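Use these hints to put chain B onto chain A, whose structure you have.
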Amino acid sequence: MNPHSSDHPLCSDHGGEHPTVLDLPHVPLGLKREWLDLETRRHFLGQGVKALGWAGLATLLGRSAPNLLANSPIPGAPAFLPHYAPKAKRAIYLFMAGSPSQFETWDYKPALADLFDKDLPESVRGGQTLTGMTASQTRFPIAPSIYKFARHGKAGRFISELFPYTAKVSDELCVIKSLHTDAINHEPAILQLTTGNMFPGRPSIGSWLSYGLGAMNEELPTFVVMTSKMPHRTNVQALSNRLWSSGFLSPEHAAVALRSGSDPVLYLNNPKGVESDVRRAMIDGVNDLNRQLFERVGDPEINARISQYEMAFRMQTSVPELTDFSNEPQSTWDLYGPKAKEPGTFAYNCLMARRLAERGVRFTQIFLRSWDQHSNLPKNIKLMAEDSDQPTYALVTDLKRRGLLDDTVVIWGGEFGRTVYSQGTLTPTNYGRDHHPRCFSMWMAGGGVKPGMSYGETDDFSYNIVKDPMHIRDLHATILHLFGLDHSKLSFKFQGLDQKLTGVLPSKVINDLLA
Amino acid sequence: MTSWLSRIFSVARFVRSGNASPSARRPSPLSRVGRQGVAFLAIAVSSARAEDTFFAKRVTPILEQKCVVCHGAEKQKGKLRLDSFAHLMRGGEGGPAVTAGDPKGSELFVRVTLHPEDEDFMPADSKPPLTPDEVKVLELWIAAGASEVIALAAIKGAPALAAPKAAVLPLAPDWRARAPQIAQLEKALGIRLVPRSMVATDGLVLRTASSPGRCDDTTLAKLAPVADLIVEAELARTKITDAGLAVVGTFVNLRVLDLTRTAVTSTGLNDLLALKNLETLNLTATAVDDSGVAALRQMASIKQTWVFETKAGGADNPTAAAKK
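These protein sequence lines map, in sequence, to chains A and B. In case it helps, this note's numbering puts the first sequence at residues 50 to 564. In case it helps, this note's numbering puts the second sequence at residues 123 to 446.
Derived by calculation from the structure, the hints in this document are not laboratory data. Every value quoted in this text rests on a predicted model; they were computed, and no experiment measured them. Each hint should be verified, as a subset may be incorrect.
Stated by the list, open to error - Computed footprint of chain B on chain A, listed as stretches where at least three residues anywhere in the stretch have a Cβ under 8 Å from a Cβ of chain B:
id, stretch
1, 132 to 142
2, 257 to 267
3, 303 to 309
4, 318 to 330
Said to hold, decoys possible - Here are a few chain B residues that sit away from chain A, every Cβ distance over 12 Å (derived from the structure):
id, residue
5, A195
6, K201
7, D224
8, S248
9, G325
10, A346
11, R383
12, A416
As the list claims (entries may be wrong) - Derived DSSO-like pairs: lysine-lysine, alpha-carbon spacing no greater than 27 Å straight-line:
id, chain 1, residue 1, chain 2, residue 2
13, A, K557, A, K197
14, B, K201, A, K557
15, A, K390, A, K217
16, B, K258, B, K309
17, A, K538, B, K249
18, A, K538, A, K499
19, A, K538, B, K188
20, B, K398, A, K136
21, A, K499, B, K425
22, B, K425, A, K203
23, A, K217, B, K425
24, B, K201, B, K188
25, B, K201, A, K136
26, A, K516, B, K199
27, A, K217, B, K433
28, B, K249, A, K557
29, A, K542, A, K516
30, B, K258, A, K557
31, B, K199, B, K188
32, B, K188, B, K309
33, A, K390, A, K167
Where a beta carbon is used, it is the ideal one built from N, C-alpha and C, also for glycine.
Chain A extracted, bound-state conformation (with noise of 0.2 Å):
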């Protein structure tokens, strides 16, 4: 068959040799590139590799791509400005996964303390459907908190006694009592907060913050997550790199996980005999190959590769210099108590954020996990809040009198809410609690966020919001919009839509939140 003759005209699953479709005569150029594009990510998608657009090759392309804002030839410069100035240039994200209970912490509810062991009343729980680990049981008793909470700082804001060193920073703090989740399950509730969908493959808010706004140290990963030690394991739900991943934009907007011990990248070093010229001549040896192979196939995947092999040799000498702790004053060991020094513990890891704002790394997200407490609440909360408290006040208080917190928002919090009833058996001492979406509590601090203030409010039990509701959705609508950014806009165009960190669904930036 010759696909030349006019009876055969050119079909696109042709194998072989063939005309491209740039020889097709009477169609627009524009057009006809359109359709390369197209095809070509077509083609990856067949073979399961993330396709992108040209807005992200742009930013891939980076310091040699024609800006794409109107007038503005800056080389370099990210794929969007902040909307409007931003008042937050990084974000600390302490993500408590598992779930804090919101009665042992931030939503104070005193009248629960002469409900011991009565009956949740069905017409607070309005038929919802619970999960399998509680469904069953034959009654829903009210467990208060065993734990006191008193009043702290100038707004004289109630929080448990767990937290006696955070509690000195509650003036810093912007407590929201009333985020609801869409999710009743760790991994879809803990996906969404992180990348606003409860179904893997979506970019991670570090992710959308760097393709809008590039990096400020391109010495350093733009995005690093750092997962911690745990006081005890209980329930500990398992984290994959699906919760910092870049999902469909370029894979240099991923996070670099950073790992505890001697060796934080793997992989970083050179082998033993291979000196630094040595290897910076076979990065340029394999960039070179890789460039020839952009020029024939242009697939943008390739400069994704390049500017990885860019980045690692980089961080050959700017990692050893954030991991060496040797330089920090005593005043920081003081602060941050003994565990600090630990490689791993989350002491250690509030630290090294800290030491990457500085540094300029925009987004830094820390797990601690096994806060998923359903049985034996009381002793293990106290283990996890133990752990945590001094180092979460250490970091807000280090960033204030460092000059950072004001363009650094702290984030923290767990991905639901728990239940008012037990689950399992009730005692004077001992009860466990259930996942439950409708309602938990965050906070944030600095960054733009107003502080000292509470937001949204539950009902006497903690079960449903009574005042001022906050989805995830808002929740990094209002994140995006301390960076400058519009959650509107920040969009990337994948399978036929301008995908958004907020989805399709209304969202709102929570404007009582903004100092």
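Just chain B, lined up with the frame of chain A:
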């Protein structure tokens, strides 16, 4: 959408019925002049004064934003135009739009305060309704006599206008004209000059985080062509000294300055006194002391200074370093 609208509406209703003070409803002396008199006065008052009237400052913007698209030069639904005082007073096919001194008897006011699902509700066709504040402004203005010339200050109790967003105030000249120079400087000096936002008059951030070691006093000196564009200077951990601060002192539009962990001293800080817009200054881990910091803290523009890990007062109690 509907419930959202009705919530806005109920707020509007509340504001209208609950907060309008009796005094605001009393016709002002001016309204006694009557409509013809007002028209006469409007001619008599010089045009230079027009900007200071309540009508021009508060009423016109609402009409232009919410009404004129259907009641203006292009469309005249119901034969009504609201794009000038004269047109407004002429009314439409249903009669006059405004009865001076009587908001509830004024079609303009009634129509914007109906239930949003009422077919006579304005703006029609689900166009953005008036905010409670805007409703209040119309009410006060009509109650005070619906005058074109009444002074802005003469009507008390009008909701404050939303403060203009910082972004719209020019912080620096438009950088776009100097884009080629900016690109050249970035390349030559190994620094970044990043627009703070899409608003071209929001100025630039001088960013050195990628290689602070490359930025020293001579680097700063070479930034003279863009000195007035720099609104934030991130100089932490750079090699700059007091000599560099003399250059920073020429960044006339500088608001945010980070000198953390640099070799600057109190002597150099004197050069910063020239920066009339400087709001925040970070001196963490520098050799400064009270002799240099005290004068800076007296500057009218300064909102915040940080002196942690220095000899300056307040180091142990950083909150004391905040002026407010």
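Evaluation of the provided hints:
| no. | hint | in the structure |
| --- | --- | --- |
| 1 | 132 to 142 | holds (count 4) |
| 2 | 257 to 267 | holds (count 4) |
| 3 | 303 to 309 | violated (count 0) |
| 4 | 318 to 330 | violated (count 0) |
| 5 | A195 | 30 Å, holds |
| 6 | K201 | 38 Å, holds |
| 7 | D224 | 35 Å, holds |
| 8 | S248 | 16 Å, holds |
| 9 | G325 | 9 Å, violated |
| 10 | A346 | 19 Å, holds |
| 11 | R383 | 9 Å, violated |
| 12 | A416 | 18 Å, holds |
| 13 | A/K557 with A/K197 | 35 Å, violated |
| 14 | B/K201 with A/K557 | 38 Å, violated |
| 15 | A/K390 with A/K217 | 23 Å, holds |
| 16 | B/K258 with B/K309 | 55 Å, violated |
| 17 | A/K538 with B/K249 | 22 Å, holds |
| 18 | A/K538 with A/K499 | 24 Å, holds |
| 19 | A/K538 with B/K188 | 24 Å, holds |
| 20 | B/K398 with A/K136 | 21 Å, holds |
| 21 | A/K499 with B/K425 | 17 Å, holds |
| 22 | B/K425 with A/K203 | 21 Å, holds |
| 23 | A/K217 with B/K425 | 24 Å, holds |
| 24 | B/K201 with B/K188 | 17 Å, holds |
| 25 | B/K201 with A/K136 | 47 Å, violated |
| 26 | A/K516 with B/K199 | 41 Å, violated |
| 27 | A/K217 with B/K433 | 25 Å, holds |
| 28 | B/K249 with A/K557 | 19 Å, holds |
| 29 | A/K542 with A/K516 | 36 Å, violated |
| 30 | B/K258 with A/K557 | 26 Å, holds |
| 31 | B/K199 with B/K188 | 14 Å, holds |
| 32 | B/K188 with B/K309 | 48 Å, violated |
| 33 | A/K390 with A/K167 | 46 Å, violated |
Going through the hint list in order, the structure does not satisfy hints 3, 4, 9, 11, 13, 14, 16, 25, 26, 29, 32 and 33.
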